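Asks: So you can see what is in the structure, the chains are spelled out below.
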Amino acid sequence: MLEQVLINSLVLSGTYILIASGLTLIFGILRVINFAHGALYMVGAYLVYTFLSLMGVNYFLSTVMAIIATAMIGMAIEAGILHPLVDKPLLAGLGAILGVAFIIEGGARMIWGEENVAIQSPFSGVLHFLGATVSWERIAAVVLSAIIVMGLYYWIWNTKQGYIIRAVAENRQVASLQGVNERRIRLLVMAVASGVAAAAGAIMGPLFYVNPYMGGPAVFKGLLIIAIGGMGSINGSVLAGLIVGFVEGIGYSYWGPLTEIASFILVILIFVLRPHGLLGVPYEFH
Amino acid sequence: MKRRNKNRWIGLMMLAGFMVAPFFPAQAAEPGQKVLKIGDLNPLTGPAAAWGMNTLKYLQLAAQLTNSKGGITVAGQNYTVEIVGVDDKDTVEGGRAAAEKLIYRDKAKFLVGSFRPAPVSGWAPLATKEKIMAAIGGPSISPGPKTPYLFQCAASLAERAEALVKLMNKTLGAKRALFLCSDDLDGKLDYEYALKNKERWGLEITDLKMVPKGATDLYPFLTEPLKKNPDWIYCKLAIGTTALVVKQARELGYKGYITSPTSMPGKIADWQKIAGMEASQGFIAICDPLTDEGLSPLGKEALAIAQKTLWPEGWVGTDRNYNTQFWILKEALEVANTFDPDKLVEVLYKHTFTRHEASFPLKFGGEKTYGIPNHTTLPVSFSKMAGSSVQFLGSEYVTSP
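So the sequence lines, in the order shown, correspond to chains A and B.
With my numbering applied, the first sequence covers 1 to 286.
With my numbering applied, the second sequence covers 287 to 687.
Because the hints were derived from the structure by calculation, they are not lab data.
All values reported here derive from a predicted model rather than from experimental measurement.
Don't take each hint at face value.
[Stated by the list, open to error] Example chain B residues on the side facing chain A (calculated, C-beta under 7 angstroms, incomplete):
hint, residue
1, THR492
2, MET496
3, LYS499
4, GLY500
5, ALA555
6, ILE560
7, ASN623
Just so you know, even glycine gets a beta-carbon here, dropped at the ideal spot from N, CA and C.
One chain only, chain A, in its complex shape (with noise of 0.2 angstroms):
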């Protein structure tokens, strides 16, 4: 039984993460909190669902023609409505980017209806391990949320062109005197967190269901675990997403309807121990 309530958990924490990794990557870089990215992930969701269920492309070529073209979008939404905005009030990019969640749930609506729908899953069937049951499903949504983070993490830390990221995370102006063209690099980390949101829609999906109304709280989420991680900290979304998928994944096998107490109890804590997260250090919205 413990066993089962621990890989449940698990299964939650690796949600969680992959969400938050790709809001934590835009923060980390653009100093934009990106309220549209639940929108981006429903959108992923819903592209792997039309180019499957309705023109019949299998579960894999869905997923990356999903991904390409969320990539598309984000970065349109960079161009035409984030990078006009740098250096204006913050509050004017947090606007415009919550009236863009807006537009793109609205717009799932019109196209898509309000209604449940389904991705078939390419996985099927169950595995009895340690006494726990899980389905292979989701094994593999937490192996491939495993891997896209891992990727992520690598390719900010361990490449040239992560070096570069950072050091336009750090100081823009002083990366742009030593050559660094700011606006590709601003398109392109927008271009692969919008992937990751997709590729959160195409693992995700298949385990539950889609419809216009997933993307809220799963931002919600998401911004809460970036926060009790350290705004712009991968690992701090790492290590906050799995406190808080213990947490409810071990709460709501237990406690019921004092896991949300508790866990608000818990973040409540951390904010007051570490003000800037877990892993987080102080930064500035440039």
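We have chain A; now place chain B onto it with these hints.
Replies: Quick look at chain B alone, frame taken from chain A:
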């Protein structure tokens, strides 16, 4: 500069005009004119939208059918019926806002809906204050002495729960249930009613889990309770979440019955894609038998039209009570021959109504239980999923003394 200022002023005046215009709507129908507006309040967005949109479509079908047969005649004046649907957003505030629009802007003479307690609690006081007759078609808050113009035309939450327990006990010998209820007013009312009556019902509640709205990973809510091996799961959740309960409970190895005291999903194929075709077999929910046996001629005609126009892709036609409210209001108007709400109430208390969706008549009662006889006592019918369709299981009458 002068021209720019002039353009700016013109623009500002136009903007002001657009902002003020909604407060001066075109003159709506008054009694005695030829259009009778009936307002429909139900969720048209959000997790419960599937039910809300179905209700609206059924009501519109009933109105169109009525209009094609000459409309409704009251006190010698003929009316065509118009259904005005407004989203109650499944919330108290949404219900209130929707009712205000329907009553004050659209000048609706009657209201239909909502089928969930929260929005009803938002609009019922307003409808009562304005003496607007309202018919609820779903398992929401039951009418009481404070809402004398509110009539419940379908089985209440409590009756659905009781009927389901009776069916499971009598027909399937299942006495031990896991309760999964939404963590909102709806779910709490359901559970409290079950707790209060479980001895009388012969029900053992093995566990209760309150599931937060929008939850999709249900393993934490199922893992421990399923170890107690309940005979059945009572699932009072949104229809999509119920599909996930079916899917995830079967993944965890649960072999017992999974049920819902709400309507069977209409688009069964889509629902089964979420739950899994194999996992969904045997799922039990409210669903009338799929034949037109015993229906009135009007009922048969309505069903045939619905099957052709509303569900060309194969809606199962579940829970035909969706337009009961309309037929009741229509018949009450024709018998009372007046729009006076107090005279209409008298008719509603005394008259036996033709039910076009099923073969048994409908009367209002329930005074001993609810303090006011604004409540129908109806049998609740259940079916189970079999293949990509449903198989009728039986109906249970629940007495509201």
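Asks: Among all the numbered hints in the text so far, which are the ones the structure does not match?
Replies: As far as the earlier hints go, 1, 3, 5, 7 are violated by this structure, in ascending order.
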